[in-house]
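Q: Sequence:
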Amino acid sequence: MSTPKHPIIVVTPVYEDQEASSRLFQELASQFDREVFVIAVDDGSVKQPLSIDSLRSAGIDGVILKLRRNVGHQRAIAIGLGYASEFVQPHQHVVVMDSDGEDLPSTIPPLLAALRRDDVDVVVARRKSRVETLRFKAFYAIYKRFFRLMTGRAISFGNFMAIKAHALKRLVAMQELNIHVAGAVLASKLRTQVCALDRGPRYAGHSKMNFVGLTLHGFKALMVFAEDVLVRVGIACAVIAALSVISTFTAVALKLFGFSTPGWFSLVLGILVLMFLQTGALALMTLMLTGVVRGGTVTTAIAYRDFVEQVLETD
Numbered sequence: 001m002s003t004p005k006h007p008i009i010v011v012t013p014v015y016e017d018q019e020a021s022s023r024l025f026q027e028l029a030s031q032f033d034r035e036v037f038v039i040a041v042d043d044g045s046v047k048q049p050l051s052i053d054s055l056r057s058a059g060i061d062g063v064i065l066k067l068r069r070n071v072g073h074q075r076a077i078a079i080g081l082g083y084a085s086e087f088v089q090p091h092q093h094v095v096v097m098d099s100d101g102e103d104l105p106s107t108i109p110p111l112l113a114a115l116r117r118d119d120v121d122v123v124v125a126r127r128k129s130r131v132e133t134l135r136f137k138a139f140y141a142i143y144k145r146f147f148r149l150m151t152g153r154a155i156s157f158g159n160f161m162a163i164k165a166h167a168l169k170r171l172v173a174m175q176e177l178n179i180h181v182a183g184a185v186l187a188s189k190l191r192t193q194v195c196a197l198d199r200g201p202r203y204a205g206h207s208k209m210n211f212v213g214l215t216l217h218g219f220k221a222l223m224v225f226a227e228d229v230l231v232r233v234g235i236a237c238a239v240i241a242a243l244s245v246i247s248t249f250t251a252v253a254l255k256l257f258g259f260s261t262p263g264w265f266s267l268v269l270g271i272l273v274l275m276f277l278q279t280g281a282l283a284l285m286t287l288m289l290t291g292v293v294r295g296g297t298v299t300t301a302i303a304y305r306d307f308v309e310q311v312l313e314t315d
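Take the sequence shown: its position 85, counting from 1, is numbered 85 in UniProt numbering, and each next residue is one higher.
Derived by calculation from the structure, the hints in this document are not laboratory data. Just so you know, these numbers come straight off a predicted model, no measurement behind them. Backbone N, C-alpha and C define an ideal beta-carbon position, used for all residues, glycine too. It is possible that part of the hints are untrue.
[Said to hold, decoys possible] In silico DSSO-like cross-links for lysine-lysine, where the CA-CA straight-line distance does not exceed 27 Å:
| no. | residue 1 | residue 2 |
| --- | --- | --- |
| 1 | LYS189 | LYS220 |
| 2 | LYS5 | LYS169 |
| 3 | LYS220 | LYS144 |
| 4 | LYS66 | LYS169 |
| 5 | LYS220 | LYS66 |
| 6 | LYS169 | LYS220 |
| 7 | LYS137 | LYS220 |
| 8 | LYS189 | LYS128 |
| 9 | LYS144 | LYS128 |
| 10 | LYS47 | LYS66 |
| 11 | LYS144 | LYS189 |
| 12 | LYS189 | LYS169 |
| 13 | LYS220 | LYS128 |
| 14 | LYS5 | LYS47 |
[Unchecked claim] Label-pair restraints from in silico Cβ distances:
| no. | residue 1 | residue 2 | range |
| --- | --- | --- | --- |
| 15 | ASP33 | ARG148 | 30 to 36 Å |
| 16 | LEU214 | ARG34 | 33 to 39 Å |
| 17 | GLN31 | HIS166 | 24 to 30 Å |
Working from the sequences, and respecting the hints, build out all of it.
A: In C-alpha cells:
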C-alpha cells in the first residue's frame with residue numbers, strides 16, 4: 001500500500017477500459033510524478049482485464065484490486081475507498097475519479113487547494129458544462145428538480161472529489177456509500193465545498209452507461225435518503241386523504257341541497273372513498289417504513305475484502 005511519501009491517493013474504478021485507464025495512469029504520472037499512489041479497482045473485467053503492467057509502464061506506484069465479479073461503478077468506488085481507509089495517513093488526501101478521461105488529472109490541484117482549508121472535509125467537482133445528448137440533458141434537469149423535491153437537498157456533483165483522511169474514515173463507515181457515493185457525501189454531514197471544473201473528453205471508446213443505467217443511478221441517490229423520501233410521500237398521502245374527506249363532505253352537502261345531478265353523487269362518493277382508503281393506507285405504510293429505516297439500520301464498515309479476489313502491487 002502507499003507510504004507517507006505519497007501525499008495523494010487516487011481511487012478509480014475500471015471496467016473493460018484498459019486503453020483509457022492506461023492513458024489516465026500516464027497523465028497522473030506526468031502531472032504528479034511520484035507523489036501519487038493509484039488504487040485501480042478492476043470491476044470484474046473479462047474482455048479487457050486490467051494488468052499491473054499498465055501502472056508499471058506509466059512509472060507510477062499503485063495497486064490493482066481484482067474483484068470476483070462485476071459489482072457496479074458505485075460499489076467499486078466504495079471498495080477502493082475501504083481499501084484506502086486502512087492505510088491512509090492523516091496528511092494524505094484521497095481523490096476519487098473516473099478512469100475514462102472525463103475527470104481530468106490537471107483539475108486535481110484545484111480540488112486539493114480547496115481542501116487545505118480547515119473548515120472543509122470534502123471538495124466535490126461540479127461540471128461547468130456537459131457535452132451530452134438532448135435526452136440526457138432533459139433527464140438530468142428533471143432529475144435534479146425531482147431529487148430536491150423528494151429529499152429537500154440539491155445534488156450538483158458526481159464522483160470526482162478530494163477527501164481528507166478523517167473524512168474518508170467517516171464515509172467508509174456508512175452503508176450508503178455502497179449505493180451512491182455522492183449521496184453518501186451529502187448524508188455524511190461532512191463540510192463540503194463545491195469546485196466548478198471543466199469536463200474532459202473520453203480517452204477512448206464509448207460510455208457503457210445507457211439511459212436505463214442512468215435512471216437507476218438516479219434512483220439509487222434517492223435510496224440514500226429513503227427516510228426523507230418516505231416522510232414526504234407520507235405527508236403527500238395524508239394531504240390527499242384529508243382533501244378527499246373534505247370533498248366527501250362537500251359532495252354530501254351538494255346532494256342535500258339538491259345541486260347534484262342523478263348518479264353524480266354516487267360516482268363522486270365512490271371515487272373519494274377509494275382515494276381516502278388508498279392514500280390512508282399508503283400514509284400508514286410509509287409511517288411504518290420510516291420507523292423501520294430509522295431504527296433498523298446498523299451502520300458497519302464496508303466489508304470490501306469479500307469482493308476482492310486478488311491484489312496486484314507495483315512493488
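Q: Run every hint past the structure and note whether it holds.
A: These are the hints, each one checked on the structure:
1. For the hint linking LYS189 to LYS220, the alpha-carbon distance of about 19 Å falls within 27 Å, and the restraint holds.
2. Taking the CA atoms of LYS5 and LYS169, the gap is near 20 Å; set against the 27 Å cutoff, the hint holds.
3. For the proposed pair LYS220 and LYS144, the alpha carbon gap of about 13 Å is at most 27 Å, so the pair holds.
4. Taking the CA atoms of LYS66 and LYS169, the gap is about 22 Å. The hint holds against a cut of 27 Å.
5. Between LYS220 and LYS66 the alpha-carbon distance is near 25 Å, which keeps this suggested pair within the 27 Å criterion.
6. Proposed proximity of LYS169 and LYS220 is supported: the alpha carbons are some 22 Å apart, at most 27 Å.
7. Distance hint between LYS137 and LYS220 is fulfilled; the C-alpha atoms sit about 19 Å from each other, no more than 27 Å.
8. For the hint pairing LYS189 with LYS128, the CA-to-CA distance comes to about 25 Å; that is within 27 Å, so the pair holds.
9. Using a Cα cut-off of 27 Å, the hinted pair LYS144 and LYS128 holds, with the two alpha carbons roughly 16 Å apart.
10. Among the hinted pairs, LYS47 with LYS66 is consistent with the structure: their alpha-carbon atoms are about 14 Å apart, no more than 27 Å.
11. Annotation: proposed proximity of LYS144 to LYS189 holds, straight-line Cα distance about 20 Å (limit 27 Å).
12. Under the criterion of a C-alpha separation no larger than 27 Å, the hint pairing LYS189 with LYS169 is consistent with the structure, at around 13 Å.
13. In summary, the hint linking LYS220 to LYS128 is supported, as the alpha carbons are separated by about 24 Å, within the 27 Å threshold.
14. For the hint pairing LYS5 with LYS47, the CA-to-CA distance comes to about 35 Å; that exceeds 27 Å, so the pair is violated.
15. The hinted range of 30 to 36 Å is not satisfied by ASP33 and ARG148, whose Cβ atoms lie roughly 42 Å apart.
16. Range check, LEU214 to ARG34: Cβ separation about 37 Å, and the 33 to 39 Å hint holds.
17. Checked against the given bound of 24 to 30 Å, the beta carbons of GLN31 and HIS166, roughly 25 Å apart, stay inside it.
Of the numbered hints stated above, those contradicted by the structure are hints 14 and 15, listed in ascending order.
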